[in-house]
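Peer 1: Listed below, chain by chain, are the residues.
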Amino acid sequence: MALAQEIIREDKYIAELEKLREISLQIDPNVCLQCNKCVGSCTAAQVYTFRPARIMRYVALGMISHLIAGKEIWLCVQCLRCVDLCKMNVKPAEVIILLRNLATKFHELPTASWKRLIESVMKIGSMSEEVEQFAWKKTPVKRKDIGLVPLKFLPGEKLKMLLQIGEEI
Amino acid sequence: MFYPGCMTATQQYAYELAVKRVFPVFGIELVDIDEFSCCGEPLRNVNVKKWLVFASRILAEASTRDLDIVTTCNGCYLSLNEARSVLQENSQIMYKINQVLRKIGLELSSLPRVKHVIQLLYNDIGIEQIKEKVKHEIKIKAATHYGCHILRPREFAVDNPYNPTKLEELCNAIGIKTEDYPERLDCCMLMLDHVDLKKANLIRAKKLKSIIERKFDCLITVCPLCQNEYETRQRAIARLMKNPKLRIPVVYYVQLLGIALGFSPEDVGLHLNTSPVRSLLSKITEL
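Protein sequences appear in the order of chains A and B. My numbering applies: residue 1 is where the first sequence begins, and numbers increase by one. My numbering applies: residue 1001 is where the second sequence begins, and numbers increase by one.
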């Protein structure tokens, strides 16, 4: 791809990221000093070649398209050690959240498990319906069987309204 | 207002059961949420706007009834607190969110405080009052697990993020001995489950193994998500490691507190735990 085209493609993502920045926590990948403290403390970096500082540099350079097309950003477990340690207040974990937002918008969720989770929250407003538990690993029980009040989920039409008009913020 | 969060409300019933037994003992009345929905945390990964409206709706439920929020879940604790701070710092977003909320009959006239169960126990009830009410001391040695989102980021931490001691102090108050171990502040790896479950289980196995080797009687948690990872997945982890001995009781602090206050194991939902809690019960003396 010609360089000019590449730059235009990246512009679209950068503009989108700028928009998201306004309604999230204060992130600032541009001031990252590459001290790599985030890498040293990173839970995912213990087992993968996942490097928050590298991702921050890519974002600062406006090279976003390959990040949101790949699986790497989904390896972060959001333990937030990087957020706490960062002297420049870059908030790497939050930058990764926003990259995931872009990834979902322009591509799709990385795994079936993620899809199931998100679908459930959008559809019934909860991670799951009431799941049967087993008393002493034998007798099946739900909330009412152990004296808990039955859950009253947010009605479907209100949920739909929230999801729809929420987009207008 | 008591906000259990999805995990407690739909799966980890034991936590809600224990919380609802224990707090009235200290004169704290818990009001259930009117209409239940998720705090929005999972949606944050796909759309921060949707997260913000979900979290704001929970805040508004409490605000309309002039209540503060207490939650059992670390995820909800941080999600609601962060939403609160976004709304607090940006009046324009607050205005827009209120427009959305009015359409479903709610309003955020003020921002309620959001507390985690551990804060309510430590800051509001206090160690002294807990000690006074204890009927049976629980003489076991336990490993503690805080989970990430109540310790980081710092502005919302319930304790010192690098060397938290509140959970240990709460344990000691009811007779439980605690000890540091290298994996104490580790993450439960929940979010990796959706991408690479095997690797996540391997990391959890390392923690469980370390706890068993150090001869702890059980692992104590304060978060339904962490509990689910270390307890519900324990059997799968043991299979993965081809080590059937990789089994240890995992319980909520509030469950043990309930027993110390004189409740029966079933009162605090211990019969719903899937880890080998019977071995723990036999160690809890005077029962």
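Be aware that one or more of the hints could be misleading.
Capping the alpha-carbon separation at 30 Å, the derived lysine-lysine pairs in DSS-like fashion look like this [to be verified]:
no., chain 1, residue 1, chain 2, residue 2
1, A, K158, B, K1020
2, B, K1166, A, K87
3, B, K1209, A, K37
4, A, K138, B, K1166
5, B, K1166, A, K71
6, B, K1198, B, K1139
Cβ-Cβ distance ranges computed for the label pairs, FRET-style [stated by the list, open to error]:
no., chain 1, residue 1, chain 2, residue 2, range
7, A, E119, B, K1283, 37 to 45 Å
8, A, P140, B, K1131, 36 to 44 Å
9, A, G62, B, Y1181, 39 to 47 Å
10, B, N1123, A, F106, 55 to 63 Å
In silico negatives: residues of chain A with every beta carbon more than 10 Å from chain B [claimed, not checked]:
no., residue
11, L3
12, L33
13, Q34
14, V39
15, R54
16, Y58
17, G62
18, H66
19, K71
Hints are computed from structural coordinates only; laboratory data are not their basis. The C-beta atom is built at its ideal place from N, Cα and C for all residues, glycine as well.
Peer 1: Against each hint, give a clear statement of whether it holds in the structure.
Peer 2: Consistency of the hints with the structure:
Restraint check for K158 (chain A) and K1020 (chain B): satisfied, since their Cα atoms lie roughly 28 Å apart, inside the 30 Å limit. Among the hinted pairs, K1166 (chain B) with K87 (chain A) is consistent with the structure: their alpha-carbon atoms are about 26 Å apart, no more than 30 Å. Annotation: proposed proximity of K1209 (chain B) to K37 (chain A) holds, straight-line Cα distance about 28 Å (limit 30 Å). A hinted pair counts as satisfied when its Cα atoms are at most 30 Å apart, and K138 (chain A) with K1166 (chain B) does not qualify at roughly 35 Å.
At roughly 37 Å between alpha-carbon atoms, K1166 (chain B) and K71 (chain A) are farther apart than 30 Å, so this suggested pair is violated. Straight-line distance between C-alpha atoms of K1198 (chain B) and K1139 (chain B) comes to about 35 Å, which puts the hinted pair past the 30 Å bound. For E119 (chain A) paired with K1283 (chain B), a C-beta distance near 43 Å keeps the hint of 37 to 45 Å intact. The hinted range of 36 to 44 Å is satisfied by P140 (chain A) and K1131 (chain B), whose Cβ atoms lie roughly 38 Å apart.
Evaluation of the 39 to 47 Å hint for G62 (chain A) and Y1181 (chain B) yields a pass: the beta carbon distance comes to about 44 Å. Look at N1123 (chain B) against F106 (chain A): about 44 Å separates their beta carbons, and that is not inside 55 to 63 Å. With a cut of 10 Å on Cβ distances, L3 (chain A) stays outside the contact zone with chain B, its closest approach being about 31 Å. For L33 (chain A), the non-interface assignment is confirmed: its Cβ lies about 19 Å from the closest Cβ of chain B, beyond the 10 Å cut-off.
No Cβ of chain B approaches the Cβ of Q34 (chain A) within 10 Å, the least distance being about 21 Å, so the stated non-interface status holds. In this structure V39 (chain A) is separated from chain B by more than 10 Å, as the shortest Cβ-Cβ distance comes to about 16 Å. Every CB of chain B lies more than 10 Å from the CB of R54 (chain A), the least distance being 19 Å, so the non-interface label holds. For Y58 (chain A), the shortest C-beta to C-beta distance to chain B comes to about 19 Å, beyond the 10 Å cut-off, and the non-interface label holds.
Separation of G62 (chain A) from chain B is adequate, the least Cβ-Cβ distance of about 20 Å exceeding the 10 Å criterion. With a closest Cβ-Cβ approach of about 18 Å to chain B, H66 (chain A) is found to remain outside the 10 Å limit, as its non-interface label requires. A beta-carbon of chain B comes within 10 Å of the beta-carbon of K71 (chain A); the shortest separation is about 7 Å.
In the structure shown, a violation is registered for the earlier hints numbered 4, 5, 6, 10 and 19, in ascending order.
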